[in-house]
Each structure stands twice: as C-alpha cells, then as structure tokens.
Amino acid sequence: MSKKNKNTTPEAADKENSVERSVEAETGERAADAHETAQAEGKNRIHYEGLGDAWGVLTGQNPAEIMGQIVSTVLHEGGTRPSWQWKQGSTDHILMAWPKEQPLRAAVLVVGEEGDKLTPVTAVPLLDGLPNDVMVDGVYPWENGMGANVAVSMIEGKNPMWFFDPLYNRDKSDLTPGVTHTFLISGLAFAIRKALLDTMTITHGAQYEAYAEQWLEANPGKGRLDVPPLQVDVSDRHMIMPGRNFCEYQMRAVIEEVEDYQLDKMPVKALYLNFPFENRQPLRLVIYASKMVLGDLEPEAGQAIDAYIWLQGRIIDIDEGPQQ
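Under the numbering used here, the residue at position 300 of the sequence shown is numbered 439, and the numbers go up by one with no gaps.
Just so you know, the hints here were simulated from the structure itself, not pulled from any lab data. Treat the hints with care, since some could be wrong.
To be verified - Label pairs and their computed distance ranges (CB to CB):
#1 Asp-192 with Glu-356: 46 to 52 Å
#2 Glu-356 with Gly-189: 49 to 55 Å
#3 Leu-436 with Gly-189: 25 to 31 Å
#4 Gln-208 with Ile-457: 28 to 34 Å
The structure presented is a predicted model; accordingly, all values stated were derived computationally and were not measured. Cβ coordinates follow ideal geometry from the N, Cα and C atoms, glycine included.
Generate coordinates for the entire structure from the input sequences, incorporating the hints supplied.
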C-alpha cells in the first residue's frame, strides 16, 4: 500500500484507493493464474522417497508397526518368478511376493552374495499394471538404491508422466532416455469419490481469456464485466493432472470394469480405466482402491470417478508363468 499525502482530497483518495484495489485484484489474479499454470505443467513437485502412504492405504494400519509381519509373511508364504531374479556382479537379487496368484501383492527384495544367505533389504507393494508402450524420458533413483521414479513420454514435446519402479535394479540398464519399452503401469488410490460435477466453471486463466475474447467479439457494446463464466462439460472427460509429488496425480475417468481382491484382511477393488489420446494409443490403467479409501463408495462399470493416485510401473516381465 502506498503512503497517502495528508493533503489529498477525498475524491483523489477514493481514486487512489480504487487504483490500489485494482492493482491488488490484478496481482491476485496473476498469482492464481501462475499457480494454475504451474500445477498443469507439474512444477513445484518433489521426489518424495517413501512408501508409508501406500502401505497405509493397503493395510489400514501404521506401516511402522506391521512391516515385520509383512516381511515374515512374504518370505514364508510368497513365491517368485524368473523375471524377478537377477544378478549384479556376484550379488543375487530375488523378489519374493505374496499372495502368489493375484495382481496385488506385498513384495520383499532379498539380496546376498552368490551361495550366501539372502537378506531382506526392502518391502514394496507390488501392483501389476496394464501394458503401455511409452518412451523413457528420465530416471530419478532413490537414495537407498532400491527403487526409482521413472519419467516416460506419452506425447513428444509434452510433459512426461512419472511412476515409481519397484524393480529399478532389474530395469535400470534398459531405462535409457529415448528408448521405448512396454511398461506395466498401475495406480494406487490415496483418495477417491464419485465425480460430483458435470460442468466446471472457469473464471480466469488462458482458456477463459480465449473464451472472453470470442464472447466480446460476438457481443458488441458489451464490456469485460459482462462476460459470463465459462462452463465446461466434464461429464465424460478423462483427465490426469500432476499432484503434489512426482508419481502422484489427480484424475477423472469412467470405470470400464471392476474386479475384487484382498490383501491380507483388506478388501481391494481393481478399477480398469482408459485415457484416450488423439495421436497415439490410449493410456490403459488399473487403479487399486482399498476399502479404507473407498469407504461406502461401491464402484461400478460406467461410473465417473475423481481420484488422487500414486503411479507404479515396471518394464514388462518377460515370463508370465506361475510363481515358484
């Protein structure tokens, strides 16, 4: 706020106050536009390195209190596959997973020198996804070396999509930017609800400015204050927007199919979704939503949902035989 001259007339003071309010309003609108643009472009995110949120929604318990039980169950009752076993020099890596015959599992990576005892080094939720052919854009390895956030390009020139790769140590030699692979991509819902609105009201931003310009051209004699809000039909829209951290996204989609699973005592529904593109194959996702997240919501085919999800992906397993 500027410092007023004590000799300013009431009329001049009113005008000065009006100018200041206009400047403040414009500054606020610019800040809102900047925030909206930054969110759409995926700026201001961080590479959060932790799985506590994922374990929390899948178990309904404090992860710190139950990880010992999870590891013990996986090692005693779980299985593995040839594609989940690899060597780095003389060091063996084997991923064990439980339950054996379903797409949602608890997994433990055990590591050791050839011929020696294998030691558990990390436990991850292992989510089988749907195959998508996408190009590697970049990799952000986690500090513990047991996982990484991977960026893939859906459309050239557009911002990449990020997901967590629980088998990064197996995949990393193939994660070369510019190379296309088939990835199994899935999501875990941190929050979900039935889509509440069929229309979205927009009053600022680039989309609104373009609309306002067209409206004023079509309505001569009208001023900027006469422009009504822009109403956008989102009843059948499929949208994914970056969330607060890399690998996290806000999304809206229509459920195509629902399947039921259970991880220990937690019921989990698998929701199959399809995100179309104009110039490439659609992105196909399966989103796992636990009873803890769903609450009283009963998802069904044809239902539109809004959700906040964490994405996971890995290069497709070359063997699809039964676990051993």
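Cross-check of the supplied hints:
1. A hinted range of 46 to 52 Å for the beta carbons of Asp-192 and Glu-356 is consistent with their spacing of about 48 Å.
2. Taking the beta carbon of each, Glu-356 and Gly-189 are about 52 Å apart, inside 49 to 55 Å as hinted.
3. For the hinted restraint 25 to 31 Å between Leu-436 and Gly-189, the CB-CB distance of approximately 26 Å keeps it satisfied.
4. A hinted range of 28 to 34 Å holds for the C-beta pair Gln-208 and Ile-457, which are about 32 Å apart.
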